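Novice: Once you know that position 7 of the sequence shown is 7 in the numbering used here, the rest is easy, because the numbers rise by one and skip nothing.
Mixed in with the good hints, there may be bad ones.
[As the list claims (entries may be wrong)] Dumping the calculated EDC-like pairs for lysine to aspartate or glutamate here, alpha-carbon to alpha-carbon at most 20 Å:
(1) 141 <-> 125
(2) 141 <-> 123
(3) 141 <-> 129
Everything labelled a hint here was simulated from the structure, so no lab data went into it.
This one's a predicted model, so the numbers in the text were calculated from it and none came from an experiment.
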Amino acid sequence: MSDGDSAPTPTAPEGYALRESTPSVAAFRRLRREAGMSERSREAVERGLPNTTYGVHVVAESTGEPVGMARIVGDGGSVFHLSDMAVAEPQQGRGIGTAMMDTLVGWLRTNAPDGAYVNLLADVDGFYERWGFERSAPASKGMWTRTEDL
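Model the full assembly from the supplied sequences, consistent with the hints where possible.
Specialist: Take a look at the structure:
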């Protein structure tokens, strides 16, 4: 994670605690699964998590169990990509995702240089727009592939 200045103190909904770190490899993989997202191999997660620019996860105060996560990856200067935003399905709709996005955006406002490019790939409509995100088409087109297809 970056050693840059901190954003305002993060907060989470009542009953939850927001932590400024990524979850464990096992929790990361579980949260993706429980949020209905595609699997990531243990090797990929073990290699990728240490390269996080800034990450957060939310735990249920009653159990200490991670129930949500989100992170920023990129070059730390000109490109920032919001990634791995996941909230376990039973916990969705309680403000956890909003708390994590507020924290990520606050960190970006404090640490990202003017003119930096911030992007994400959204799998839900109507959530990210409240932080100023908009579709890039037709100006640009989001594209992707998987390593097995290269």
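Novice: Checking against the hints above, which ones are violated?
Specialist: none
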